[in-house]
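**Student:** Sequences listed follow chains A and B, in order. Offset between the first sequence (1-based) and my numbering: plus 49. Offset between the second sequence (1-based) and my numbering: plus 54.
Keep in mind that the hints are not guaranteed to be accurate.
Taking lysine-lysine and the DSS-like style, the derived pairs with C-alpha atoms no more than 25 angstroms apart in a straight line are [unchecked claim]:
{"#": "1", "chain 1": "A", "residue 1": "290", "chain 2": "B", "residue 2": "248"}
{"#": "2", "chain 1": "B", "residue 1": "273", "chain 2": "B", "residue 2": "248"}
{"#": "3", "chain 1": "A", "residue 1": "290", "chain 2": "B", "residue 2": "362"}
{"#": "4", "chain 1": "A", "residue 1": "280", "chain 2": "A", "residue 2": "292"}
{"#": "5", "chain 1": "A", "residue 1": "292", "chain 2": "B", "residue 2": "248"}
{"#": "6", "chain 1": "A", "residue 1": "290", "chain 2": "B", "residue 2": "327"}
{"#": "7", "chain 1": "B", "residue 1": "248", "chain 2": "B", "residue 2": "362"}
{"#": "8", "chain 1": "B", "residue 1": "362", "chain 2": "A", "residue 2": "292"}
These are computed hints drawn from the structure, not numbers from a lab. Predicted, not measured: the structure shown is a model, and the values here were computed from it.
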Amino acid sequence: MKILVPVKRVIDYNVKPRVKSDGSGVDLANVKMSMNPFDEISVEEAIRLKELGKADEVIAVSVGPQKAQETLRTALAMGADRAILVNTDEEVEPLGVAKILAKIVAEEAAQLVICGKQAIDDDSNQTGQMLAALLGWGQGTFANTVELDASSVAVKREIDGGLQTVKLNLPAVVTTDLRLNEPRYASLPNIMKAKKKPMDEKTVADYGVDITPRLTTINVSEPPVRQAGEKVADVDALVEKLKAVGAI
Amino acid sequence: MKTLIWVEHDNVSMKDATLAVVTAAAKLGEVHALVAGSGCASVADQVAKVDGVSTVHIADDAALANALAENVAPLVAGLMDSHDAFLAPATTTGKNIAPRVAALLDVMQISDILSVESADSFTRPIYAGNAIATVKTSDSKLVITVRGTAFDKAATEGGSASVEAIGGASDAGISAFVSEEIAKSERPELTSAKTIVSGGRALGSSEKFEEVITPLADKLGAAIGASRAAVDAGYVPNDYQVGQTGKIVAPEVYMAIGISGAIQHLAGMKDSKVIVAINKDEDAPIFQVADIGLVADLFDAVPELTGKI
Ligand SMILES: Cc1cc2nc3c(=O)[nH]c(=O)nc-3n(C[C@H](O)[C@H](O)[C@H](O)COP(=O)(O)OP(=O)(O)OC[C@H]3O[C@@H](n4cnc5c(N)ncnc54)[C@H](O)[C@@H]3O)c2cc1C
Ligand SMILES: Nc1ncnc2c1ncn2[C@@H]1O[C@H](COP(=O)(O)O)[C@@H](O)[C@H]1O
Numbered sequence: 050m051k052i053l054v055p056v057k058r059v060i061d062y063n064v065k066p067r068v069k070s071d072g073s074g075v076d077l078a079n080v081k082m083s084m085n086p087f088d089e090i091s092v093e094e095a096i097r098l099k100e101l102g103k104a105d106e107v108i109a110v111s112v113g114p115q116k117a118q119e120t121l122r123t124a125l126a127m128g129a130d131r132a133i134l135v136n137t138d139e140e141v142e143p144l145g146v147a148k149i150l151a152k153i154v155a156e157e158a159a160q161l162v163i164c165g166k167q168a169i170d171d172d173s174n175q176t177g178q179m180l181a182a183l184l185g186w187g188q189g190t191f192a193n194t195v196e197l198d199a200s201s202v203a204v205k206r207e208i209d210g211g212l213q214t215v216k217l218n219l220p221a222v223v224t225t226d227l228r229l230n231e232p233r234y235a236s237l238p239n240i241m242k243a244k245k246k247p248m249d250e251k252t253v254a255d256y257g258v259d260i261t262p263r264l265t266t267i268n269v270s271e272p273p274v275r276q277a278g279e280k281v282a283d284v285d286a287l288v289e290k291l292k293a294v295g296a297i
Numbered sequence: 055m056k057t058l059i060w061v062e063h064d065n066v067s068m069k070d071a072t073l074a075v076v077t078a079a080a081k082l083g084e085v086h087a088l089v090a091g092s093g094c095a096s097v098a099d100q101v102a103k104v105d106g107v108s109t110v111h112i113a114d115d116a117a118l119a120n121a122l123a124e125n126v127a128p129l130v131a132g133l134m135d136s137h138d139a140f141l142a143p144a145t146t147t148g149k150n151i152a153p154r155v156a157a158l159l160d161v162m163q164i165s166d167i168l169s170v171e172s173a174d175s176f177t178r179p180i181y182a183g184n185a186i187a188t189v190k191t192s193d194s195k196l197v198i199t200v201r202g203t204a205f206d207k208a209a210t211e212g213g214s215a216s217v218e219a220i221g222g223a224s225d226a227g228i229s230a231f232v233s234e235e236i237a238k239s240e241r242p243e244l245t246s247a248k249t250i251v252s253g254g255r256a257l258g259s260s261e262k263f264e265e266v267i268t269p270l271a272d273k274l275g276a277a278i279g280a281s282r283a284a285v286d287a288g289y290v291p292n293d294y295q296v297g298q299t300g301k302i303v304a305p306e307v308y309m310a311i312g313i314s315g316a317i318q319h320l321a322g323m324k325d326s327k328v329i330v331a332i333n334k335d336e337d338a339p340i341f342q343v344a345d346i347g348l349v350a351d352l353f354d355a356v357p358e359l360t361g362k363i
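Looking at chain B on its own, in the form it has when it is part of the complex (with noise of 0.2 angstroms):
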């Protein structure tokens, strides 16, 4: 089989997120890779490294540049002529675009895939995570998101794929890039980082998350998180959220801090390797899947643990 997997970018450098996507296409067959982008050969050379990448296809154009899927997703279909299937993380690029693509090829996407069971089943998480489906597809042409979670990341180093450059960019006339406000952030991301520290709710505003949690998080060289009552409550921003409608992580250690552990917030943590929960109340939800729980105010615990580390 033949996949084409698209490439996470920002005309500058690759994005960790096509990695888990790399790995989970070369259990498909060979793995070609599109960078669409505008001024983007960069990333197509660093994408050429990554082992398991057999051919890099670049489509270089000003229409391509903010990756609008109204844009992107009929050259990706005309691309899908001479591949059996278009693999995509589950990121908001991802989502916005492959969904598009699927229906432009008349086939049903299968969303944040878990695992790759065969050429034509896969499991992917229903219902918050509560529930596990394998699914199995009828369709000649594969559109699949990838939980990035639930792959290795493929190594950066020791492929050397060739670059091809290919046309057939062209603007829809429908849809315009505005603008974008990106936070800048010297810490690690949220979904690659090895220590996550998030807030929840009980931070009560953004000076106490910021006077609490932060020393935390810088301490241990962590990303900050969040639950969506805190994000909600614009203690930190949107792109903070962690569960079933925000980002999914899976780091070697999450401390949970002030958050009571609704399904929605499990849904996007529960896969940590350590899950260390700060809580006033022993019966909230999150001591249930906490391998270690403090019960105490988050006030007087969070600063005291600080200073100890």
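Same shape as in the complex, but just chain A (with noise of 0.2 angstroms):
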């Protein structure tokens, strides 16, 4: 069985983003960009499947710029087996993305994707659920714990109240959240080994879908700042601040 696993190259998650002043965007010139943490979940957990004798191949994916490249050497370097850069400097949006992977889901036979659950650049939570749809699979999201049989797959969601289990025939895709597991540092001989792990590279024509943006976005601005209070001495007086803001 193939596992196809889309990753993002996105903002470290350390990084406070900043707004450009003219309110065009987030300004990532210089910053320190990284792989999705929750991508890195999602390759951690297809790893673990190979070794377990559940999977064959892990292919790793990812629609962006040229630097994506990097993003795909770590998931090789985790221990992915190939990957695919689908290259474009234009920003793809969810729906975009979906389309992609969906025709190298086809064109790969791949029978489970692994997708995280949101990226923490755009917050969209929508990736996995927008190609579950193209490709009229089910859909495991937020998975904290993955079952893989030979016909099925079992995954338990972290949902609002607690916990909820689903059984989904495969070919599935699947969402990750933190806690499904805990992604692995790459080796030094790893990283070395995954210098000459295969890497494709196309462009969105090679696969013939239109990703002409549907959202524009007309203004990026700073969220209204927070005004730090003031300290106090001692409970007696955090008990008397309370008071008078009329928290008890």
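The task is to assemble the complex, starting from two chains supplied on their own in separate frames and drawing on the hints.
**Tutor:** What follows is the structure, encoded as structure tokens:
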């Protein structure tokens, strides 16, 4: 079984994003970029399934600029077998990404796609669900535990009130939540080996899908800034303050 | 414009998350509500009374009992022939279903909106709420998820919508519900609580969390929240997590206890009215957003506070 893992290159989660003064977006010049944290979890899960003998090949895919090669190399260094870069300098919306992924899934005859639940830049939380819809597959979103069999996958999902388990026929799409696993660090020898693993370069045109954006960003602004209040000396002063604001 | 809203429920009662969606949808036009479930007639009756709802469509079918997206999305997509916009709460159910509907309609979803600017433009948070984008859509049908804390709740009385049964539901046959572990609690729900007491990694164990945080929450009649670090360490269940990837809350009072204030945590609570922080590190980032801060060891300060209120 082949597993496809879409990985996105995004601002590193430790960096505080700064809004550009002209309101056109977030300043990404000279900012540290990394693999979307949820996608590291997806890569880890796919590799574990392969190590368990439940999958034969793990293919990492990224839709993005040339630099997204680095993200794919990270996936290869973690243990993915090969990578596909769909090279574009345009910003591709989740619907467009899902359409490209649907074509790759068909081409590769992948049986399972493991996406992150959300990219930490656009915070859309859509791509996996859209891909599942386009393919007519089941979707196990916000996965906390994944159990793969020959013909089905059981996904324990993190939902608002607790946990829910669903069983999906294969092929299927899974999206990962934070507690699914702890991604490994790539070892130095594996980073070296990753340099020799195959990476295909494609363009959006190769897949013949229309990725014209449907949304236009008119403006990006800073959220209202919260002013720090005051520090109180002790618990008695805290109780007074809480009374003053009507909290108790 | 005719809107269709997703009613969040458990087949018995409507969830509060629905009410903010009614308010958002009313800004676009006429509000029709979809109650999709199994044996969910009582839910439809409740929704019919919500102020601002004009029609309730009830789809009662065993295949809809657990709101599996594979079964629900085609039903919603079909109803979009006669509606212009589909709005769902940005809950785990809404986030699961709405993008699937959007893809079936070949439109982009607008996630987690904070405001309705006009019939085709909306604001939404990006980068964990560190930026707010105003986006305009060119799609002919709208699919939207709504951030609950950003809109007032519609009144649960005052409406008198008609209730119409609809068919068209079926089991797509590709997914099945197996089981659910829903934590039962007497406490107010995190997303609707007036006061929240949240604990972080500093608590050190589930026993200490229970011993220190719970009595304070009990005294205040508060909901209990947590940072991701506390959830990951197993001090509390995952649905306690507040933040970019957990729950978004905006209570009257939010108490962050032994929580450093990482941007991902702030993303979930910085719109609270009053933020109180107790942390032993005077430079902890949480103090930059806290209205009231106390630099102290929580194991001394919190029991003392609980005793004095
Ligand atoms: C993709 C992604 C998504 C994330 N989403 C979320 C999210 O939704 N929600 C979330 O919370 N986090 C999230 N995180 C994690 C986040 O980055 C932080 O790691 C996390 O919030 C830290 O939790 P904490 O404040 O409890 O722990 P720490 O950062 O370890 O802070 C503990 C604090 O306790 C204080 N302390 C220690 N002992 C005491 C004592 N005895 N008395 C008083 N104070 C004490 C310390 O000074 C410190 O400030 C996410 C991370 C990633 C990568
Ligand atoms: N440009 C992209 N390239 C590869 N994968 C992507 C891309 N955009 C989104 N994804 C995948 O879709 C998930 C959810 O993204 P989003 O819907 O944008 O929040 C991510 O965690 C990735 O797995």
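**Student:** Looking at the structure, which of the earlier hints fail to hold?
**Tutor:** The structure conflicts with no hint, since it agrees with every one listed earlier.
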